[in-house]
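**Q** Heads up: the sequence lines are chains P, U and E, in that order. Under the numbering used here, residues 1 to 502 are what the first sequence spells out, in order. Under the numbering used here, residues 503 to 834 are what the second sequence spells out, in order. Under the numbering used here, residues 835 to 1209 are what the third sequence spells out, in order.
Hints were generated in silico from the structure; no laboratory data involved. Here a beta-carbon is modelled for each residue, glycine too, at the ideal position from N, C-alpha and C. Keep in mind that a hint or two might mislead.
Within a straight-line C-alpha distance of at most 30 Å, the following computed BS3-like cross-link-like pairs (lysine-lysine) qualify [what the hints assert, rightly or not]: (1) Lys864/E <-> Lys825/U; (2) Lys395/P <-> Lys970/E; (3) Lys1117/E <-> Lys357/P; (4) Lys357/P <-> Lys1063/E.
Ranges between beta-carbon positions, derived for each pair [what the hints assert, rightly or not]: (5) His1036/E <-> Gly759/U: 51 to 59 Å; (6) Pro1001/E <-> Trp366/P: 34 to 42 Å; (7) His142/P <-> Ile1164/E: 49 to 57 Å; (8) Val318/P <-> Arg830/U: 25 to 33 Å; (9) Arg1037/E <-> Lys225/P: 55 to 63 Å; (10) Lys395/P <-> Asn999/E: 55 to 63 Å; (11) His1036/E <-> Thr829/U: 50 to 58 Å.
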Amino acid sequence: MTKSILKLKDISKSFSGVEVLHRVSFDLQPGEVHALLGENGAGKSTLVKVITGYHQPDHGDIYLDDALVQFVDTRDSRQAGIAAIYQELSLFPDLDVAENIFVGRHPQSFGLKVDWRKLYDEAHELLDSLGVTIDLKQKARHLSIAQQQIVEIARAFSINARILIMDEPTSSLTLSEVAELFALVNNLRENGTAIIFISHRLEELFEIADRVTVLRDGNYIATTKSKETSRDDLLRKMVGRTISSQYPKTEAPLGEVVLQVDQLTSEGLFTDISFEVKSGEILGMAGLVGAGRTNVAESIFGIRPATSGKILINGLEVSINSPQQAIGLGLAYVPEDRQQHGLIPAMQITPNISLPKLDDFAKYTWILNKKEKKFAYSAALQMEVRARSIWQLAKELSGGNQQKVVLAKWLSTHPRILILDEPTRGIDVGTKAAVHKLMSDLAADGLAILMISSELPEVIGMSDRIIVMREGFITGHFMRSEATQENVINAATKDVRIENLS
Amino acid sequence: MTTQISRRTTPRINVWDLLARFREVGIIVFILLLGAVVTLRAPSFLTVNNFRDILMNISILAIVALGQTIVILTKGIDLSVSSMIGLVAMMVGFVMRQYPETPIFLIVLLGMALGTIAGSFNSIIITFGKVPPIIATLGTLSVYRGLVFFYSGGTWVNSFELPQSIKMLSKGRLFGVPNLILIALFISIIVYLFLKFTRTGRNIYAVGSNVEAAEYAGIRPQRIIFLVYLISGLLSGIGAVLWVSRFESAQTNTALGFELQTVTAAVIGGVSISGGVGTVTGVVLGAILLGIIQNALTLVRISPFWQLAAQGLLILIAVVLDKVIYTRVARN
Amino acid sequence: MTVETINKNQQENIISDRQARKSFFSIFLKWEWLLFVLILLVIFINTRLSPFFLNAINLSRTSSDFMEIGLMMLPMVLIIVTGNIDLSVASNMGMSASLMGLMHNMGINIWLAALAGLTLGTLGGVLNGYLVAYVKLPSLVVTLGTFAFFRGIAFGFLGDQAARNYPSQFTFIGQGRVFDTLIPFSVVLFIALALIFGLVLHRTIIGRQLYAIGNNEPAAKYSGVPVEKIKFILFIVSGFISALAGLVLAARFGSTRPDNGTGLELAVITAAVLGGLDINGGKGSMYGATLALVLIGLLRFGMGLLNIQSQVQSMVIGLLLIVSILVPHIGQQIRFLKQVKFRWQSILMTVGLLVVFTAFFIFFFWSRAPIIAQF
Ligand SMILES: Nc1ncnc2c1ncn2[C@@H]1O[C@H](COP(=O)(O)OP(=O)(O)OP(=O)(O)O)[C@@H](O)[C@H]1O
Ligand SMILES: [Mg+2]
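From just these sequences and the hints, can you work out the full model?
**A** Here it is as structure tokens:
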């Protein structure tokens, strides 16, 4: 057995009296990719933050190269050669992409003056090696979630750390970006870097990880070599039961066209988008990062109304200029960015869930607390939100549970049309199956569902029909029977400009 | 759109992009417009003498507004600058009355030291005491002003009690340009270099943009925040000495209400109240715009009773215009 | 609790609908209670220091002194909860009162003039609200501009004149008492409005939406909260109430000058913040703000009885403001310090700062010596 570079021993951590890590041990060797696996709220992110010194463990020791260390803050751990990408994206919205990569470590000339040219050159190289082109002078404020994730990855790679920690770096990336990322990870691994990798996509673990450590409810369960284990085995360790079918889309009878979008255009964002969704149908929207899918969804929901084109609901043309109107018309939109748009992190679960439909719990604008509480409780139960109580602050929940609160909040408005933007982003396998089942049931109940997802298996498995977007245009349209990974990817990477010219 | 990740395509560069990156378009347009209108009514506006007057009038404002800017960049605000100026001016005035022979550079150093100390008191309350900046400095605004009263017992230092050396500090000229303007220019350049070309300067932007992320990135936000209030105090200290020099007195109400002017100059200059955005050029232009407005209103003979209203209105128009132009530019 | 029970709880019942039990004493650690205790303390000390403190007539007069601040504070609390601020309230009040004064001087009926003042103030609020909600400028920036603009208009209206000789029906608003008791009419007005504002903030949909906006504006918008409309209305209400406060002030003084109420915006914000409102929005209550108002009022009244200069009074309030926020954090700071490894730098820095501050105070008193000698 080789010497480990990082070793955790009996780490425990509680938040306000509730233990979220219980005597967890873990070891990491140079030149390995070590995956952490566990349900939402199992304590993976907390463990990561303990390693980087963001949280202090209540109990237990951390050894770096067999020497006992104590990190007071993240700066300490960085000096010790540990770099991390946290689950909560942490870019500087007002700084440009290049500077975001080098914040705190700007290259200097004469040990004094920031060398801007060098900074841009190096940033360019880094993004190139990740296989993406992002305008280096773009302010991070204007980046999509996926672009932000890429910048974070670039930042982590630029540090040349001995230990690289990535907490769900791929949750909004598509296949091709993930492939490029893994190529880089392989490089690092060969150079002896130790990598901790967290993802809820099991296929990724099998592809990249050497070993997998499973956590359940804050307890250490097992560490196995990924070659010597199987999907079912991991799932059993993770949830203590087996999970059967993953994409339980049942055929539902299709009804009338509920939502019809006709030549919707928003200058600079998307052009001539037309599609329709019937009641009982799930329409999948695939595409690469930055294809403009979220923009379409947001304009349908009235957040940024389109400049031209028509939206018809139940055959009647409507104009939607604000989310209130959209909600009134029976639409619901689960946004991509739960921290910024989905949740109010500093508020409790209950008011978060009741916010879109406060009218239902009020008499003459007077809020009826009992009614609200009862409602929020049943909504949270239905979505299996794991938390101490519905009065816990949303920001204290684990990432996946936050996503469940957002889902609970929108489903409880009883919409007729549901738009889901990356609905299972950051959700663990068990819950994901539950969400998929829920979607299926909702469709069967006659809802029209528009689902945007970057995960191809999910799109292909769950949708009745699929439309593919690229750079603001629709470039493909497939029935469930004809959709394969290949032709969807082809459509997603087809060059629209040439096509439009001819 | 260049905002999307597009594979293997080079981002297009166009005029709008360049304009969008040059944040100060809005204010320059407004200055030119205002200048044109005023020149039509009062040709004496476009004279060297008049511009020297304008610059003299805004030099101190520009210096202190730069300190204010550095603070606002971190999402903070320093409302106590006016009282710091009042306090330092009074103390410096007392020293000079008592010891008129003191060399001027010692006086300047004294002012800088006193200002820094006052500023560091703000820093301590804000970083160690975790008091939100607007509250901490709202408190010290009245505390420092109270100290001025306590210190002076309500008395003033008058022009005839001050030595010639201090008066020459601002009125002396180099190549025909008043020292005061040169000092302001010098300080602006230093602050520009600091913010643009030092790690600390960049870290100030980072902290203002996202504190949590800054912490993740290994910056110690508390240190940066400590520093910015210190700098604001330092620049207020310099401002105080120049104030005594230019107005040849130190009074209990010196610089009363000046804090809002510094914030106004910063804000007109495109500094974002929510942190992370702002440039030295913008702020200096903001201060100049304020100076031009004041000057122009007198030149075109607006009734003194209506001048304040006109000033307020023009400030409003400036920020609205800036916003409209900037969003237009950003959209294209 | 042990781990086993938690795990069991989670399996049986993944989430509970009960509020976490708080210990009996933690209820009293709430900011509002602290303010309450401070108020009692101030009353106690002041009655010891001055026999005139508990005089009903004095108290009645002094309470009406604070009603303009109190009135303007009500919408300000709502605005601060949404994470915005209105710096123009005192200028607006000067502007509206000046218009009324001007019209009164021209011989127009006082109620008509008052109505005109209220309308103008409301229009001022419309301007603020439009720029903040629809042009999307930061409220601090907008109201910094209208702060100068409105005050300027007040000077434009009255110049160096004053308006005087208001009829007694009108001055009743500021000076009168209800039903021959000692309770000033303006206090009744304030209490009524405070109740309404408090209930709106804490019990209604709009109140909930205000907190949502203050905590995360984009998310509130995505959840169908009419963010723009709410902000617009808030600033209009603030304009109207500021104008109303302007009338009350004019009625109390029996005259109007264009600089009436200069600087009151800071007093209003001080009261709100001392009351526990988070200036960044999303936190705080109406009770707290009202208690803080009472506290400031009693403090100023007490110091006034002791003939303390008004600048020094402000200094005390300023200190109180800082200390009030500082104290609750001290425990946290100490716990934090315990965790930190003692580095020589931090020790050096602390010592350095102490030396510097000592030097400063020595210099302060030394350079001031001639003054002391003079007296
Ligand atoms: N700051 C905090 N205060 C209180 N509780 C917290 C805090 N941070 C995390 N928790 C709790 O700790 C538990 C573990 O959270 P953690 O974020 O580590 O889960 P995770 O395994 O990363 O889940 P996910 O897959 O959803 O990201 C959760 O129950 C969460 O509610
Ligand atoms: Mg996590």
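**Q** Against this structure, judge whether each hint is valid.
**A** Now the hints, each set against the structure:
1. Lys864/E <-> Lys825/U: 42 Å, violated
2. Lys395/P <-> Lys970/E: 28 Å, holds
3. Lys1117/E <-> Lys357/P: 22 Å, holds
4. Lys357/P <-> Lys1063/E: With Cα atoms ~17 Å apart, lysine 357/P and lysine 1063/E stay inside 30 Å; holds.
5. His1036/E <-> Gly759/U: 51 to 59 Å: Violated, since histidine 1036/E and glycine 759/U (Cβ atoms, about 36 Å apart) do not stay within the stated range.
6. Pro1001/E <-> Trp366/P: 34 to 42 Å: 41 Å, holds
7. His142/P <-> Ile1164/E: 49 to 57 Å: 42 Å, violated
8. Val318/P <-> Arg830/U: 25 to 33 Å: Given about 29 Å between the Cβ atoms, the range holds.
9. Arg1037/E <-> Lys225/P: 55 to 63 Å: Between arginine 1037/E and lysine 225/P, where Cβ atoms are some 59 Å apart, the hint holds.
10. Lys395/P <-> Asn999/E: 55 to 63 Å: 59 Å, holds
11. His1036/E <-> Thr829/U: 50 to 58 Å: 36 Å, violated
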